[in-house]
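Chemist: The listed protein sequences derive, respectively, from chains P and Y. Quick note: the first sequence uses the working numbering, first residue 29, plus one each step. Quick note: the second sequence uses the working numbering, first residue 25, plus one each step.
Check each hint, because a few of them may be wrong.
To be verified - Below 30 Å or equal to it, Euclidean Cα-Cα: the simulated DSSO-like pairs (lysine-lysine) are: (1) Y:K105 <-> P:K106; (2) P:K65 <-> P:K367; (3) Y:K91 <-> P:K65; (4) P:K273 <-> P:K367; (5) P:K65 <-> Y:K111; (6) P:K295 <-> P:K188; (7) Y:K105 <-> Y:K91; (8) P:K273 <-> P:K89; (9) P:K344 <-> P:K354; (10) P:K344 <-> P:K273; (11) P:K143 <-> P:K207; (12) P:K188 <-> P:K207; (13) Y:K76 <-> P:K65; (14) Y:K105 <-> P:K295; (15) P:K255 <-> P:K354; (16) P:K255 <-> P:K65; (17) P:K354 <-> Y:K111; (18) P:K255 <-> P:K367; (19) P:K65 <-> P:K273; (20) P:K106 <-> P:K207; (21) Y:K111 <-> P:K295; (22) Y:K111 <-> P:K273.
Stated by the list, open to error - Derived contacts from chain Y toward chain P, CB cut-off under 7 Å, selection only: (23) G66; (24) M115; (25) G117; (26) V121; (27) L123; (28) G126; (29) V136; (30) D137; (31) V139; (32) I140.
What the hints assert, rightly or not - Facing chain P, a subset of chain Y residues (Cβ under 7 Å, in silico): (33) T63; (34) V128; (35) G135.
Just so you know, the hints here were simulated from the structure itself, not pulled from any lab data. Every residue, glycine too, gets a C-beta built ideally from N, C-alpha and C.
This is what each chain is made of:
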Amino acid sequence: MSFKNNHKTVLNKVFLIFICAALISAPACSSAPSLQKYSAAFTDVFDTVTEFTAYCDSQSKFDTVSAELHAELLRLHKLYDIYNEYGGTVNLAYLNRVCGEGPVEVGEEILSLLKEGVSWYRLTNGRMNIFAGSVLSLWHECRENGEGIPTEEELFEASKHVSCESVVIDGKTVHFTDKELKIDAGALAKGHAYHSVSLLLRDLGVTDYLLNLGGNVTAEGNKPDGKWKIGVQDPDGNGLYTTVKASGVSVVTSGDYQRYYEYDGQKYHHIIDLDTLYPAAAYRSVTVICRNSWDADALSTALFLLSVEEGERLLKQYEAEALWIKADGVAVRSEGFSKYE
Amino acid sequence: MSKPVLRNIILIVSVLAVSALLFIVFYGGRSAGRSFEITVNGRMYGTYALDKDITVDVDGLCTVSVKDGAVSVIDSACSGKDCVHHKPISMSGERIVCLPNGVVIRVTGDGVDAVI
Chain P
29 MSFKNNHKTV LNKVFLIFIC AALISAPACS SAPSLQKYSA AFTDVFDTVT EFTAYCDSQS
89 KFDTVSAELH AELLRLHKLY DIYNEYGGTV NLAYLNRVCG EGPVEVGEEI LSLLKEGVSW
149 YRLTNGRMNI FAGSVLSLWH ECRENGEGIP TEEELFEASK HVSCESVVID GKTVHFTDKE
209 LKIDAGALAK GHAYHSVSLL LRDLGVTDYL LNLGGNVTAE GNKPDGKWKI GVQDPDGNGL
269 YTTVKASGVS VVTSGDYQRY YEYDGQKYHH IIDLDTLYPA AAYRSVTVIC RNSWDADALS
329 TALFLLSVEE GERLLKQYEA EALWIKADGV AVRSEGFSKY E
Chain Y
25 MSKPVLRNII LIVSVLAVSA LLFIVFYGGR SAGRSFEITV NGRMYGTYAL DKDITVDVDG
85 LCTVSVKDGA VSVIDSACSG KDCVHHKPIS MSGERIVCLP NGVVIRVTGD GVDAVI
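Next comes chain P alone, as it looks inside the complex (with noise of 0.2 Å):
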């Protein structure tokens, strides 16, 4: 080989290292740059923040579209609203309010949510209950004042009223047996509610957007240059713990940081284990993701209220991953969890 000839071929190979990686590390360029990304957040819906975001090619395209969004999300948040009714609305503080008495005629939405509540409290043993609104709501209140917890008594009394036995679902009607029974779906609601969402969106033609329904998020298609990315929060407001690229999946995080109060020194979340009657206090919090995301949604907190194993075995059934920060904020994370890190 001639000196002039090994030269060229370096030359070529110096050329060929730079093409290389300029592919490797510059692979986020826009592939429909007509498309502008719009965002949306609501306040008024599941007493948290909601935040839409998506590609459109106008800005009065997307308002269409988000209007729309909000007041079905409106109409969700009235439907499983436990505090307030709604005169003529058969929603769940209705139902609450009423089930004790007798057989009640529900909706198809409603019905559903409550069979799957069921299936959920024997799936796990009644940890992750969405009719142990009696001792939720004493939480609930202590939360809303900011001050104060229950009493042991007032737990105690309050937990002999949360089986799901005393629930009676018969063809479309439902009839609590025990008067003190109250349900409180918060587990389940989002989830529920996205699914109508998801209808809509695909109805009106929205095919790439992301839903954040206060740290339930599910993420459909794609952005312009790849997959969505969505941040994981350190527990202990440290930023970012990681992110998780999502594209045709529900994330979802239950926290004890997402709702809570401090009282007397001490910090008392949302996240009640129906075992202590107090707030769980195994993790900091658990992500669970999943295609489906009333699954995500339940998974999410049925996880923050069992053993890594038992989760384990719950994330398999669903075919679901799953990030599990401890109280003593070692991470753990199911087998293919790393792989939309």
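On the provided structure of chain P, position chain Y as indicated by the hints.
Modeler: Then chain Y, alone, in the frame of chain P:
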């Protein structure tokens, strides 16, 4: 070690080294978001830079201030004042919410689309 193997190793190492260099050039120094957006009742109110100290009056609902690269709410017409008590935010994805006023302030950048 035979020459071709050595050459391949050099090639691989070079690719990685140049990749790392380019990565730093393109993505380096982006750990903090450089702008933030304010929405009021779901509608975009405005987008502002984080690298200049400014004060924004959001429709008389609240006053937002940027200082040393972090944004905070310094005054609000709401009752709870949770937004005013919130620590200044600067990391991409972080946000301050005033539920009573329907105001959301969110740091953007870094390509993070949502924070949970």
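Chemist: Checking each numbered hint in turn, tell me which of them this model violates, lowest number first.
Modeler: Checked against the structure, no hint fails, so every one of them is satisfied.
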